[in-house]
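Chemist: Heads up: the sequence lines are chains A and B, in that order.
Note that the working numbering has the first sequence beginning at 1, numbered continuously upward.
Note that the working numbering has the second sequence beginning at 1001, numbered continuously upward.
Quick caveat, the hints were computed from the structure, so don't treat them as lab data.
One thing to keep in mind: the hints can contain errors.
In silico EDC-like links for lysine to aspartate or glutamate, alpha-carbon gap of 16 Å or less [claimed, not checked]:
1. Lys1088(B) / Glu296(A)
2. Lys140(A) / Glu180(A)
3. Lys140(A) / Glu94(A)
4. Lys1140(B) / Glu1097(B)
5. Lys1088(B) / Asp1015(B)
6. Lys88(A) / Glu1173(B)
Keep in mind the model is a prediction, meaning the values are calculated, not measured.
This is what each chain is made of:
Protein chains: 2
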Amino acid sequence: MLFATYRIQARDEADARALATDLCYEQTAELPPDLVPPGIVDRYVGRLLALQPAGTGAFAARIGFPADCAGPDLAQLLNLLYGNILLKPGFRLEQLELPASILGRLPGPQLGAAGFRALAGIDHRPLVCTALKPMGLTAKELAEQARAMALGGVDCIKDDHGLADQPMAPFAERVERVQEAIDSAGAATGRTPVYIPNVSGPQERLAERAAFAKSRGVKALMLLPGIQGLDSLRSLAASGLGLPILAHPAGLGPFVTSATSGIAHPLILGTLLRLAGADATVFPSFGGRFGFSEAECRAIAEACRAPLGAFPAILPAPGGGMTAERLSAMREAYGRDALYLVGGGLRRLDPDLTTSCRKFLALVEEVEQGREAGSRRS
Amino acid sequence: MLFATYRIQARDEADARALATDLCYEQTAELPPDLVPPGIVDRYVGRLLALQPAGTGAFAARIGFPADCAGPDLAQLLNLLYGNILLKPGFRLEQLELPASILGRLPGPQLGAAGFRALAGIDHRPLVCTALKPMGLTAKELAEQARAMALGGVDCIKDDHGLADQPMAPFAERVERVQEAIDSAGAATGRTPVYIPNVSGPQERLAERAAFAKSRGVKALMLLPGIQGLDSLRSLAASGLGLPILAHPAGLGPFVTSATSGIAHPLILGTLLRLAGADATVFPSFGGRFGFSEAECRAIAEACRAPLGAFPAILPAPGGGMTAERLSAMREAYGRDALYLVGGGLRRLDPDLTTSCRKFLALVEEVEQGREAGSRRS
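So here's chain A without its partners, still in its complex pose (with noise of 0.2 Å):
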């Protein structure tokens, strides 16, 4: 058995049972119940196991589904948790407990946190991304960027996610300057930044691009399960290639833009990524300039470390909103476990990148030293 947990809108406790009742027969049998032989009701037909009040006009119904019923694929589990139930507006899944038969066929990450952390060589305070960007330059101004933000120090660069394969930059062309830029920043400074290339595109290419960027030394990647869908992230992770994998949400708002319907931010931003293959999972902070709460944000970043299967813990990659005033709210939500993405707030601090990185850099290590001064005073 599979076990879910949907927030369901009904007018009283003998609603929510009915609408609960319809939602284990919607998701698998799909035939009103006179119509489903008893053998299957019995065997195949999820079950409602405690409904419980949620809140003002809301119940939580705790569904078990057979495993079988989801077969061997993460497509068929996600269809069986909600394919056909989220089209009836009022329903919201919430939470997700899988069996071991089931965990075992996911690939989860690949590296974790602990892993993408030695990838950048940070251990002691939470790792710097930055991105390249604005969509519209060349690859060779793009280079030129990373070679900045190398020669700054930060830990990670990644494509901004608008980055694809336009004719202004070339996903080819761009992931080979921009490695060949960071690498030669690197053998200057004596550390190489993590540079992470938004792999997209028609989806019997990923493979292939996501080869080439390892063959130009390319140590980690970036992918929109969203726009790819969330079993592009699964083949990517399964297909034995060893870069770790930044998931971005762009194409997943819908999911969470309702309060009501969709799926709850911590299990489809967190849970369901991670058991997808994300070793890092990049999401709106708050304070930023989307709409997320502190408290999504932080249950996100609790779903990126809770209890799952065998699979190690990924890396929250907040971003937005990471100003100098901000860092310490972040530190204290996020933890140290976590991979700051700073785009426009980064270089707001200085024209220049090398300088702007280098500033922001430091203002995470003040954070960092001013928790460390305040932990020995305590």
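Mind docking chain B on chain A? Use the hints.
Modeler: Quick look at chain B alone, frame taken from chain A:
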């Protein structure tokens, strides 16, 4: 340029203008305006072309994006249209106009509505499709259902969308047995229904599964783009296999459950699927167990037929609510060029599946004849 219209929740026109401008930057440069080089702003940042009131507290913003921002791939086109912006509440993508340069790179439907009809050999009324279910039956039991349905003369028989590759009825065995059963029934009646198996699972195996189905005589395929990714649909449509594709909406629910965010019904369930290669698009009909309104359903059907580059029209495939009493209203709303999906509503007509198929087809014919008689009288 490509043009996209978003419905934006805003206090007033000035607020709407600011939000629309944010959108232009968010989806392209992803930097605050003052940090974007002027040459890039002019050439690669989205442009607000028109802003109009669109109901209480909302404005319709027409944005022009340079075609190069979409790059050569469907994935980046989707990312450009809604990647980050739908993570913010109050933005809904409603309309899309693509230039020939982008349309020419998308596969579009392989056969379209007329080709699908020709496959089924029915021209004078809506096509009728029923589904093999429930999940839990063996491949042999599903094949017996298929035989009974084929003897009843139904036009198409699809897998239920929850039939994947579960141990109860694994994909290969199911496809083989069901197609055999339908072929043998067809040999007896003189007319072989179109079997539409659900192609799902690991993305790297979709092409192989589709090819296997074709090798067993299958003439059409079903795919869940909301689960497998819209690019999986594109990939399958562009693969050269030549089997038309029925797109099922499982997993697309979060895009359409909020009136103030996500993507408008006709755009996500009509236009985008048609561009990506669907020949028919399933959606929950008004009057059924899902909450789609008649206006939303009619708009989806219109998007199936509206001019779209050189692409043929596709079949709207409304499901649910197809009871005898409602067939007339369905015919009125969807027209003749539609594919009716009927599961429970058909089975309810008779315990014997052959008889229930005959009865349902007779009802559809009756509505058609009633309309003809009506139009002769008028």
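Chemist: Are any of the numbered hints broken by this structure? If so, which, sorted upward?
Modeler: Of the numbered hints, 3, 4 and 6 do not hold.
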